[in-house]
Amino acid sequence: MYNLNWFSQIGLQHYLLLSSALFICGMAGVLLRKNAIVILMSIELMLNAVNISFVAFSHYQSKLEGQIMVFFVMTIAAAEAAVGLAIMVSIFKRFREVNIRFFERLKG
Amino acid sequence: MGKDVFEVTINCIKLIVVFLMMVQAVPILVWLERRGSAFIQNRFGPNRVGPLGLVQLLADAVKFLFKEEFFPENGTKFLYYAAPVVALVPATLAYCAIPLGHPLQYGEYLFRLQGFDVNVGIVYVLGVSGLAAYAILLAGFGSGNKYSLLGALRASAQIISYELALGLSIVGIILLYGTFNLNEMVAMQQGPLSFSFRGHEILVSWLPNWGIFYQPLGFVLFFASIFAESNRLPFDLAEGEAELVAGFHVEYGGFKMLLFFIGEYGHMMVGSGLLATFYMGGYGIPYITNQALWQTFMDWTQDGQLAHILVSAATFAMFSFKLALCLWFFVQVRWTLPRFRYDQLMDLGWKTMLPWALFNVIATALFIFVAHG
Amino acid sequence: MISDAILFWILAFLSLSAGLTVVMIANPIYSALALVMTMVSVAGLFVTLGAYFLAGVQLIVYAGAVMVLFVMVLMLFDLKNEVYAFTQGLLTNVVKLGCLGLLAGLLAGTLVLSSYQSQEIQDKVVAAADQTKALGQLLFTQYLFGFEVLGILLLIVAIGAVALSRSRGGTHHV
Chain V
1009 MYNLNWFSQI GLQHYLLLSS ALFICGMAGV LLRKNAIVIL MSIELMLNAV
1059 NISFVAFSHY QSKLEGQIMV FFVMTIAAAE AAVGLAIMVS IFKRFREVNI
1109 RFFERLKG
Chain L
2 MGKDVFEVTI NCIKLIVVFL MMVQAVPILV WLERRGSAFI QNRFGPNRVG
52 PLGLVQLLAD AVKFLFKEEF FPENGTKFLY YAAPVVALVP ATLAYCAIPL
102 GHPLQYGEYL FRLQGFDVNV GIVYVLGVSG LAAYAILLAG FGSGNKYSLL
152 GALRASAQII SYELALGLSI VGIILLYGTF NLNEMVAMQQ GPLSFSFRGH
202 EILVSWLPNW GIFYQPLGFV LFFASIFAES NRLPFDLAEG EAELVAGFHV
252 EYGGFKMLLF FIGEYGHMMV GSGLLATFYM GGYGIPYITN QALWQTFMDW
302 TQDGQLAHIL VSAATFAMFS FKLALCLWFF VQVRWTLPRF RYDQLMDLGW
352 KTMLPWALFN VIATALFIFV AHG
Chain C
-7 MISDAILFWI LAFLSLSAGL TVVMIANPIY SALALVMTMV SVAGLFVTLG
43 AYFLAGVQLI VYAGAVMVLF VMVLMLFDLK NEVYAFTQGL LTNVVKLGCL
93 GLLAGLLAGT LVLSSYQSQE IQDKVVAAAD QTKALGQLLF TQYLFGFEVL
143 GILLLIVAIG AVALSRSRGG THHV
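Chains as they are written, first to last, in our numbering: chain V, 1009 to 1116; chain L, 2 to 374; chain C, -7 to 166.
To be clear, the hints were calculated from the coordinates, so they are not data collected in a lab.
Some hints could be false.
Unchecked claim - Calculated cross-link-like contacts (lysine to aspartate or glutamate; reagent style EDC-like; alpha-carbon spacing at most 20 Å):
#1 125/C with 185/L
#2 125/C with 1088/V
#3 125/C with 118/L
Given the structure is predicted, the values throughout are model-derived calculations rather than measurements.
Construct all of the structure, not just a fragment, from the sequences and the given hints.
Okay, structure coming up:
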């Protein structure tokens, strides 16, 4: 590489890059997977990726607001997981199926 | 980690020593448990094999090491072999954060008698020990056995439920001391019981300044929760042998079983260590502040460095004594009380302990608000 | 400084590889376990950023509670390896290419930017113990409204989850 400093000096860019890479992983999961529970997990992955960037900005700008946002995101993620899983359990109990393609046919 | 090579080396050695100390305490605990049970149930073996029944330990070790290595037919290989290792990690990591003695002042260096000093100690310990549920789930699913899976689901539901009561009973302690740091908590529990109430200094010289006297309800709740967290009787629903054969570790034998045991005893030690730190003054010696203790040793030996070492040794002995007392109580309870039924367990956790823990938090906050005027 | 860098690269590698595993592996249980790994390494990343309290909360909330729920539900369902775990078709290929392109673009952009833009945002470190205190004060004064709203949200979610997962008297009758 042209510049060894890029590897030894960790800065905001590194965290943002990591965060966006994780976000893309999660996004790909949501768009590509068929299992509804895996889709829920990919959403959690995306939320985590966002949390990294919040904390990184908060650290490098010495502002605590970013960390407050992380609290809010975490709470909402936990709530979303609880409701999502409850819905999945009740769907699975009735149809024995978690494939997202299956639910396209549900009407009314 | 440290300023120079000497400090870094000592700190690294310290980590290994604390880990080994936890693992090496397990045989002693097994011995304690076997002897305790043998006395209560009038068993023969553990009281009569060799001096004090110590040879029984050797027989246990040989049995564990030489059992046949097998793998269940329907199991998942990766999960089955990963579970015992995962069981060991959370207890070890949590135990490293508990202060075992007064920090040792050696020349210009200050060595803390604990694996590492985490400034959000409580949150860290709670977070790491919450990972213990995975070992149980992995074992239950990886074995490919109905009974294992049922036991694992029960156990992990129990651990999650009681973590709430555990966390809320600690909130009272956090409010009281105003810190997450376990070392600072211990430092605040020195000397006789004294606090200020609306500007008046209140001193009760015949009681030590321990958390248990400020938080009796929190103490009871915390004590009950760590029994549930470490899956011990009367809350060992995970291995109710009458219903589930042996719970999540039906399919495990030999050394893998031993690793689960070490994990369980490790959880007991973490729980007891936290109990001692929060409610019983940690490594502090009752009634005496560490400064006064150092002064006493100083007068006696006329050597500052030696006095520092003696203080650390004395406080470490004190902590070990408190830890042993808690662990002994664990063993006694195990062989005295019968097991709960599962719905009773959940009722106790959600309908009794959780509301009382909330009440404890509110009462503590109100008291602190009133006491500060 | 160099130890911080090593720690970051290890954690970044762990979280990225685990994150990729979540999406790539067909068995949903392994993908849940990989997500646990991601959560733990994200907690580690929070530590490298000095947010100790958040790292602990991340461990307690995500790794200790949310993911245990996921793993428990998956084990209850006992799904076998799915043959068609991924969607197929033209649109899917477009999405795959799009994700790859986004990632490549980000990498290239960062590399180009970092060559002539070095560390202008200074690293101002707040003492960690004070940070937790300041965080609490901020949360309970300036952001109190949001905090209360979240409390109500959690209450609604708890009631909703109970209503949804009841076998009788819920949204449907089995």
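Right, here's what the structure says about each hint:
A threshold of 20 Å between alpha carbons decides the hint, and for residue 125/C with residue 185/L the separation of about 15 Å falls inside it, so the pair holds. With a C-alpha separation of about 28 Å, the suggested pairing of residue 125/C with residue 1088/V is violated against the 20 Å cut-off. For the hint linking residue 125/C to residue 118/L, the alpha-carbon distance of about 18 Å falls within 20 Å, and the restraint holds.
Hint 2 alone, counting from the list given before, is not met by this structure.
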